[in-house]
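J.: Residue numbers (the working numbering), protein chains in the order written: chain X, 2 to 329; chain H, 27 to 294.
Please note: incorrect hints may appear among the correct ones.
[Claimed, not checked] Where chain H lies over chain X, by a calculated footprint (3+ residues, C-beta under 8 Å):
#: 1; region: 38-46
#: 2; region: 67-74
#: 3; region: 98-105
[Unchecked claim] Among chain X residues calculated to face chain H with C-beta under 7 Å, some are:
#: 4; residue: F53
#: 5; residue: N79
#: 6; residue: T80
#: 7; residue: F82
#: 8; residue: D84
Everything labelled a hint here was simulated from the structure, so no lab data went into it. Glycine included, C-beta positions come from ideal geometry on N, C-alpha and C.
One letter stands for each residue in the lines below.
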Amino acid sequence: MPAVSFDHVSRHFGAVKAVDDVILDIAEGEFFAMLGPSGSGKTTCLRLIAGFERPTGGDIRIFGEPVADLPPYKRQVNTVFQDYALFPHLNVRDNVAYGLMIAGRGKRERHAEAEAALEMVRLGGYGSRKPSELSGGQRQRVALARALVNKPRVLLLDEPLGALDLKLREQMQEELKTLQRQLGITFVFVTHDQGEALSMADRVAVFNDGKIIQVGSPEDIYFRPEVPFVADFVGSSNVLPEALVARLTGETCPAAIRPERLRLTSEGPLKARVTGLSFLGLSTRVSFDAEGTRLTALLPQDVARPREGDEVALSWAPEDLHLMRAGA
Amino acid sequence: MHSDRASLKLKIAAAAGLLFLHLPIALIFVYAFTTEEKSFQWPPPGYTLKWFAATWNRPDVWEAMALSLKVAAISTLLAMILGTLCAAAVSRTKFFGRESISLLVILPIALPGVVTGIALRSAFSIAEVPFSTWTIVLGHATFCVVIVYNNAVARFRRTSGSLIEASMDLGANLFQTLRHVILPNIATALVVGGMLAFALSFDEVIVTTFTAGQQQTLPIWMLEELVRPRERPVTNVVAMVVVLVTLLPILGAYYLTRGTEAVAGQGK
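Bound conformation, chain H alone:
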């Protein structure tokens, strides 16, 4: 017999699972306020806000942060343009090799980041491309495009093709149809795809390691800090910021996609 209320054992198990997932993250937050500098001592001997000021005054943190934001912004923009166009082509037209293209676009996210990283690094060295912001952007774009593509392609499939014909039938040319019918119908999918892509790019480590050269994005900077710590709690403050910067777009994406399950334009 099923009861509507969960049993005590189940509640404990669920709580334990959630603690296992989230306790380490909570600890990171706690250590951002500790007065102890060299090692992670539990419980923290005292609490202070001075590490926020210390972080604020560290130029290396700002540089890494700026680079990360720049890379994430450019890769997202690139992914939104390429991903949307690709999704439109795959879902709106039939051409030779369509299924293969669909697979090839999705493949980079299935490949281990190490493979993508090594492949890009050797490609860059063969082509003698010096490492720059743009090499990181290219590396990130490989998986950002997939995210946007997947979101857009799902929406295109759920948008009835006759909407575009209806718009043209009612006198709208291609540009007007794009503006008044296509964009409003795929807008949330695009924003969601963009947000997820941004979040992914912002905390990416593996591909970045291979394509960054001497530059430091924020996650790479954090790795370096673990090896050669200087004011250890600063890392924790930065970690908090990273969590917030990536969590907000993901939450936003979650709320935007709720309640959009109905098929657009299928009015039966």
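Bound-form chain X, shown alone:
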């Protein structure tokens, strides 16, 4: 039984289709990412699972139970909010123990459990501080402890690392992953950062315009995009238009090719002119104009670099040219 399942779920705000006819199953114990640009419907999907939004169509089930009529406080899911939403009038311990207090647990018991949850996120001994006395990373951990102490069956994370600086973000990515493996709880997290989605998730759903464009493993999404949007948004892949693909392969559909898979050769199927070069350290990024299509290649540093304005030919291994569906 899937932990969360969406059956033709829509959430329309008047004429705006924030979520439109989404079909999705999230398996139990999965680390699932919802990836998309802002306004693509990913956060609304998360809020539909949490219960802050009601679907205008379709059916949402959490562990098989229809939840359309359940308010947030009756669902076995907890949320880590983007701004953490720690209660400013309570200290860290009482923040973490809030759910237990509402559930009517005794003071000693809930304090012990809150302390254990704080230990788990490596904040043991911080219980009597106020949220305002903590750093951003520490607040994030408190928010995590506050959600997890209730032993939810699904944990929802809304842009959990968005407010942290780069170094802290990488560290928290590791920690979240470890924590998820350890607890075995289903994690569903929303992000607009493709690197974050690919590095943390077991599976990724790519959203655009309220619809899920593609669901798959990070490798699928990265190497085998089904539509140009995914190729462009997730991997900054080169998208070859239909006409070009038709001439090169005889297929009538767009195709994607990863920048690191393009090779410079003297003889090749595609003629191109070099329009720019930038040094990236590990590699050099070269931009081309190939018969009106903008392409980029990442060349390793041991390959001879072309100069701007050079006329070159591009080639690739046949399996690296990935055919896609048209549209989106």
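Chain X is fixed; fit chain H onto it per the hints.
T.: Positioned in the frame of chain X, the structure of chain H alone reads:
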């Protein structure tokens, strides 16, 4: 070049300004102790405490005081309920005409009291409502609501909306969320708004003149005394009491709002 110490001229100017503001009030206090009854003679020929006893034994003072306290208490209570609900609606939801409502709520405090007073008086006479404590309360509530509303709306805006969602996410229903999250976060704003509203109502004259009929609140009683004085220093004793009764809540409000500048719930 700036020096850290104020120059002598600036000090004198500041002292003069403060004296100009506060000397008249100090004089009122001094005259409460004078032995001279008919006119304000300076310096007072002698000092006595007998006017405190005289004030204590004047039933008209007690009646006016009781009416003022009653009116201020009821208007404040009314304002706290209406002002808070209105602030919650305006800052938490989006609806047609929200901005206009916000403006209309604040308008009474911008209108001259005379206008509010006349408007209410004609409304009462058209509706044939006899003057009573309640007509005064209604008049005062028009500006008390604004005070509470302004305080509450500022706090609501500074309280992150996701706090309420977080509370419900953690299992709390609406009532529990109100009790454990919303009220603790707006409590000081409510108390402050209430205190200011109370102080404003307690010494209000203009609107009261139009809505009181024959009843006398304490400020109205003082005006009457100026016209037809009887034991003139009694007025000064009452003035002292009024200053204390209105000053204490305002001081309290000042101390409560210090150090609450951080945005509640915005934990970044």
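J.: Now tell me, hint by hint, if it's right for this structure.
T.: Hints, one by one, checked against the model:
1. For the region 38-46 of chain X, the assignment as covered by chain H is violated, since 0 residues bring a beta-carbon within under 8 Å of that chain's beta-carbons and 3 are needed.
2. Interface restraint, the region 67-74 of chain X with chain H: holds (3 residues with C-beta to C-beta distance below 8 Å; minimum three).
3. Counting residues of the region 98-105 of chain X whose C-beta lies closer than 8 Å to any C-beta of chain H gives 5; at least three are required, and the coverage claim holds.
4. This hint holds: F53(X) has a C-beta 6 Å from the nearest C-beta of chain H, less than the 7 Å allowed.
5. Among the interface hints, the one on N79(X) holds; its C-beta lies about 6 Å from the nearest C-beta in chain H, closer than the 7 Å criterion.
6. Taking 7 Å as the C-beta cut-off, the interface hint given for T80(X) holds, the closest approach to chain H being about 5 Å.
7. Here the hint on F82(X) is kept, as its CB sits about 5 Å from the closest CB of chain H, short of 7 Å.
8. At a threshold of 7 Å, the smallest CB-CB gap from D84(X) to chain H is about 6 Å, leaving the interface hint in force.
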